[in-house]
Amino acid sequence: MNLTLKIWRQKDRNTTGEFVTCQARNILPDMSFLEMLDVVNEDLTRSGHEPFAFDSDCREGICGTCSLVINGIPHGGQKGATACQLHMRHFRDGQTITVEPWRAKSFPVLRDLVVDRSAFDHIIASGGFVSVNTGGAPDGNALPVGKVDADQAMDAAACIGCGACVAACKNASAMLFVAAKVAHLGLLPQGQSERYQRVVKMVNMMDQEGFGACTATGSCEAVCPKEISLDFIAQLNRDYLVGCLKP
Amino acid sequence: MNLDAKIPSGPLDKKWEKCLLEMKLVNPANKRKFEVIVVGTGLAGASAAATMAELGYGVKSFCFQDSPRRAHSIAAQGGINAAKNYQNDGDSIHRLFYDTIKGGDYRAREANVYRLAQTSVKIIDQCVAQGVPFAREYGGLLANRSFGGAQVSRTFYARGQTGQQLLIGAYQALERQIGLGNIRMFPRTEMLDLVLVNGHAKGIVVRDLVTGEISSHSADAVILATGGYGNVFYLSTNAVGCNVTAIWRAYKRGAFMANPCYTQIHPTCIPVSGDHQSKLTLMSESLRNDGRVWVPKVKGDKRSAHQIPENERDYFLERKYPSYGNLAPRDISSRAAKEACDDGRGVGPGGLGVYLDFADAIKRLGADKIRERYDNLFVMYETITGENAFEVPMRIYPAVHYTMGGLWVDYHLMSNIPGLFVLGEANFSDHGANRLGASALMQGLADGYFVAPYTVGNYFATNSVPRPSTNHAEFKKIEAEIHHRTQNLLSINGKRTPTSFHRELGKLMWENCGMARTDESLRINLKKIPELREEFWRDVTVTGANNSLNQALEQAGRVADFLEFGELTSRDALERKESCGGHFRTEFQTAEGEALRDDENFAHVAAWEFQGEGKTPLLHKEPLVFEELKMSQRSYK
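So the sequence lines, in the order shown, correspond to chains A and B. With this note's numbering as the guide, the letters of the first sequence map in order to residues 5 to 251. With this note's numbering as the guide, the letters of the second sequence map in order to residues 42 to 678.
For reference, chain B alone in the conformation it holds in the complex:
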C-alpha cells in the first residue's frame, strides 16, 4: 500500500495555488446532481456543509446533539490564530507556518501546514463578514492577543468565547442553507457505520437517537468532521458526548488511523476534585499571558499561597524557559507542572495542582483590566471551586484536551478510501505531535470553508463510481450487522455499567499512556485493555430498549469502540520509540528532561490499517520530508 499524500510539486508557497489550478471543476449546472454527507456540525463540519451547499451541491448534515449549534468547538475559549500582522510585530504566513511546524515538533507535513497558514487570513475576513463579534480596539480595528508557542500577537478572540462565536457564525451559515432547502439536517442522529461500494465511500448507516430507527443514507462522498478522541481517557476537557465511533467505524472499514498516540495534555485545567468527576474544565491558555505559574520551592509546603514569600516561590516556567516563560508550549508546560507535582511540591487537594497567580498583573494593570480580559474565566473558576481568583491564585493541573492523531488524509483531506474526506480534529494532518494554542479553530475552519469544498468537488469531477441506492446489498448487510450488535449489547444483562468500564479504561490510559509513557506501561495496556474489553462484552448491563431514546445504549456503543481504540493508541505509542510533542516516552529524553526525537527512524506518519478482529493492525509509514525547514531540537529557553 503506497501512502501517497498527493502533495503538489513546486515551491512551498505556490503548492496550494497549483493544486487549485489543477483540480477539476464541476459545472455549476451539474453541481446539484452531486450529494455529500457531512457528519458532525462543529467548526469543520458546519463550515463545510454550509460552503458546499452555497456552491450548489446537495448536502445532508448529521449530528448526535439536539442542535448543530452544540458541537464541542463551542467550548474553545482563547482564540483563533491568523497571520494578519495587524499588530505590526513581524508576523507573516511563513512565521505562522514555522511556529506551527516547530510547535508540532517536526511531525506535521510542511505543505499542509503552509496552506493552513495561508488560509488563516481568509478565515478572519470570512468570520468578520458573518458578524462574529471579535474583540475590537477603541479605533474600531480588530484586537489581538498573544498565545503559547508564539512571540507575536496573532490571536483573534471574542471575550473568552471565541469557539462559541465562530461556531455560531458557521451554524448560522448552515441554518441559512437549511432554510433555503439546500441542506437536510439530521440532529440527534448518530453515525454507526460507513458504507463502501466498489471501494469508494458512498454512504453511512445511522441511528435516530429518539426513535432508535436504523437507516441508511447514500451520497457521492462522505465527510467526517466528528472531532477528537480525548474521551478515551474518560476524564478530559471534551464534552461528555465526544466519541471516537465515527472515525473508528471508518477505520474498521479500511481507513487508516494515523498517529493516535499524539494526544495533547492542556496545562491550565481545574484540578480533579474527586472520583465522581465526569469531566475536566479547561481554563483558557490565554490566562498564561497575565498569570504566573509557580509552586513552593520546598516540598510539602502546606502554607497558603499568601503566606509563602516571594523568595520561597519557584516560578518554574520562567526559570526553565526564560524567553517564553509562562507562554511555553502546552506539552512543555504540562510536563513541567507534572514534574513539580511528582517532586512533592504540588498544591491543593492531593498535591495535584500548581498556582496560576494574577497578583502581579492585577497590580500592574488593575483588576478592571484583568476582569475585562478574562471575566468569564474567573467566574467559571469560582463557580466550580468556590474560590475567587482575584484574591487567591488559581490552582491548575494538566488534563487531556486535544488529539492530534486521527484518520490519515492526503493533501486533499481525503483518506485512503476514495470519497471519504476527514476534516478538523478528526484527521491527523496539521498539528504534528503537538498543537499550538488557538490553532484548532483555525484548522477546523480552514478545512471546512476553504479546502474541502474544492477538493471534494475535484473528487466529484474525477470519480467514476455513481451514488448507489440505499437498497444496495452493502447497506442492507451493514444495517443487519448494527441490529445484531445493538441486540447483543441489550441482551448481555451483566453487572457493570458502561460508565464503570469507561472509567477503568480511562484510568489505564491516563496512567500508562498519558503524559509520560514507557515501554513497560504501554505493554500493560496491551494486555489489560483486551481483558477489559472481553469483560465488557460479558458483563456490561445496558438497560432499556432499542426502539426509544436510550442514552445507556448510546454510551455503551461508544465505550465499546473506545475499548478497541485505546489498544491501538497504546500500540502506536509503544511503536514510536522516541519522544516528540505530546508523546513523551520516559526512555527518550535529553539530559535536561526534554523530549528527544529520533529523526532518523521516526520522522514519519504512523498509519495503521485494520486487519480484522483480534489481529494485529498493519503499520504503514509516510515519511515526512522537510524541504523548507530544518528539523531542529525544539527549544523555548
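Here chain A stands alone, though its shape is the one from the complex:
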C-alpha cells in the first residue's frame, strides 16, 4: 500500500519545527510502523535527502525508546502496544498519517521525532530506589512476599519509562510514571522503610522538572503500552499526603 505522511521536521532543540509531507510507497501489512519509517528513510537517503531521525532500539516493545505520536495518539492507539509493535495491517491504502514527537515542555525535541526524556531519570535519581548497597543482602526467601502483593508490585513495575503518559496528558503530567514506581516499591516490604520520603522526593523532583499536575482524565492510562492502572495514582496521592504530614 501507499501512504502519505505528515511528519515533523526539526533541526535541533533551538530551532522551530514544522510538518512536512512525504510519501511512503510499497508498504506491506506485516511491516511494523518503524519498519515503514525505515523504508521512507532508505528512499530519502538514496535520493540524497536526510532521513527523519527517530528513536528506537529493541523493537519488541520493552525498551521504551520509541516515542512517536501517530495520528495524535502516543504510540498510535493500539491497546497495550508501543509504536514498534504497531503493524501496518492496521492502516488503509491511501491513508494520510501524521507523525510527531512527544509534546511536553519537560521533553524537549532534539531533532525531528527524537526527544530528551532525561527528566524521568532525574525523578528516579531523586528517590526511585531502595537504598541497599551491593552485598550483605539476606537470603531471598528471608522476606516472604504474598503473591497478591508481589503480583500488584509487578503490575506497577511493568512501566517501561517511555513517556507516552506525559505525551498524552493535556498538562504533560508525569503522575502515572511516578505512581508506577512509588507503587512498585511501596507495595513490597523491601520498600517500606523509605516509602514516605521516597514519594515526597519524587513528586518534588517531578514538579521541579516542569511536569504538570494530574487532572485524572485517564488519558495516560489509555495510551500506556503496559496498561499501568490509574489506581496507582490514587495510591501515590495517599502516600504523598501521608509523607507530607509526617514530621
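Hints listed in this document are in silico derivations from the structure and should not be mistaken for laboratory results. Idealized CB from N, CA, C, for every residue including glycine. Among these hints, one or two may not hold up.
Covered stretches of chain B (chain A as the covering partner; in silico rule of three or more C-beta atoms under 8 Å from a C-beta of chain A) [to be verified]: (1) 113-127; (2) 163-176; (3) 179-190; (4) 207-218; (5) 307-317; (6) 536-542.
We have chain A already, so just place chain B on it with the hints.
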C-alpha cells in the same frame, strides 16, 4: 605472548575465596582518588558502575541510548538461574557448574564457571533486596521454573520481563549513585575508541550523539560492558542499536578477541515475514516448558495444524531426545528445527518455521494457568503475527540471539591490556561454545555486582601507571583519527545506504557462517567480506553533518566495524576444525548428526591479535584444562 588466565591454584571450590584473600585492597580513604570509566549500562555495566560508586570510587558511566534504563538486557524474558535449591530437587552449586560447562560443550574455563555458580545465589538475594518483583508462590516464597539444558527448577523470573526487572533494579542503584553525585552519567554518548598510555587502558574517546562533539575522558581503569555482536548478522534478536564498535576498537588497540565464531542461534523466535524485516523477535525459551515442538511427518504437508492428526505429527525433539524432550539445549533444538525445515517439513510462509503447540498444556492446566505463565508472550506473538496462540500453534524459527565470544579476559575479567576490564556478553568467559537459557542475566550481574568491583580494586592497588590528563598526546592523536574517519564517511557521497551494506553482510554471515558452516562457505566469506568492505568505503552515502544528531553517521560507523568483524568471525570459524555448541561445522558431526568435538586439537580458547590493517590477525591459544570434570560427548537423549 603468554595468555595467563591467572586462575588461582587449589581446589575448585576454594579458588575464588583464595583470590579474594590474595587481592590487594584500596584503603577506604583512598578510594575516591581512583576513577573508573564504565561503558554500557546493561546488567553488567549498570551493576558494576553502581557497586564501584557504592565502594567510594569515582565513576563515569556511558551509554549510547537516551537513558541507561534502555540497554538491551531489558529484553531478556525468561529468567535468571541460581543454585538456590529452593525447590528441593537436588540442585547445588556443583550441579549448576556442571550444567553450564556441559551446556557450553566443554569450551569454557572451569574456574570462571564455578565462580559464576557460586555467585549466583548472592545475585538473587541482592535483587530481592532492591525490590525486584520476582514471581512468588502463595506462601510468599520465591517461585522457580525449569529451563532448557537443566533437569532442576532453578530459574527465577518476573513474569516474562525478568531482564527488564533486573535491569531496572541495577538502573535504580545506578541512579541512586548519580543522585548522590558519585557517578557522572553520559547518555547518548558513544565510545569510538580506547586510549592506552604506557600500555595501560587509561581512557576513551567518545562522540556526543546530540551535538556531534568528540571528547576524551581519562580514568585509572576502563570497563567495557557493551554487550554482544549478534547484529553482525543484521537480523538478530538484538536491539537495532547493539553493535561491536566498542570491543572492536579495543581489539584494534591490542585487546585479544576470543572465540568470535561462537554465536548462539535461539530456537524460539518468530519467523521472518519479509525483506523489510529490521529485527527478529524472540519468544522466551521458557515456552518450551509447556509447548511441544512439532512438524508434519510428511514433506510439503499444506494442511493447517488442526487438520493434521496426532499420528501424522513428528514431535521431533521428544523423539530424538527423550530425556530432555522439548527442553533440549538451544543449539541442539535450533539445528533440529533447521533440519526439519531443510527436509521440506517446515510450516508457514517459505516453509521456514516449526510449530510450538500449547494444546496439551492448555488441556492439562487450563488456559488461565498458561495465560498467567506466559501472557505477555502470547500477546506479543499475536501483535506481530495477527494469530492467537491459544487457538492455533505458534510458529517459531531459530534466529541469532547471543554471542558467547568476545574480548579475552583472565580470571579477574581483565583483558590482556592492563586496566581494561570486560564484563557480561562483551567478554568470552563463561559460556563456552553455547550458553544455557537464563544464564546471561546471571553472568552479567555476577560480573558487575560481585567480581569486577573487587578485581578492579586490586588493579588500582597494584598498578603504577597514573591517570593521565586528557591533554596527553595519545588522546589528541586518537581524537584527530576519529575526526578524520568521520569526515571520510561523510564525504564519500556514494550510492548505497549503510543499511544496504549491513543487510548484505548479514546475509553472507547467516548463509556462510550461521547455523551450519563449512570450509567452503567460510572461505567465501573471507573473499566476499573484504570486497564488500572495499565497496562500502567507495560507495556508501552518509547524509547530514557531523555537528548534529545524525543517526545515519552513527549507523555507518557501526556497519564499518561489523564489516571488519565479520571477516574475523569467519576466520575463527574456519580455523576451528571441529563442531562444538553453537559452532557447527558440517564436516564434523557424529553419525547421528550431533556436534563432533576434537578435544585433542581444539580444547582451547582461540584469541586473535590485531596485526594492522590488511594483515592476517595472529592466533593465540589458551589451553582449557579440565581438572574437575571429564570432557565427554554431550548427550541430551
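Do the hints match the structure? See the list:
| no. | hint | in the structure |
| --- | --- | --- |
| 1 | 113-127 | holds (count 5) |
| 2 | 163-176 | holds (count 12) |
| 3 | 179-190 | holds (count 5) |
| 4 | 207-218 | holds (count 6) |
| 5 | 307-317 | holds (count 3) |
| 6 | 536-542 | holds (count 4) |
No hint from the list above goes unmet by this structure.
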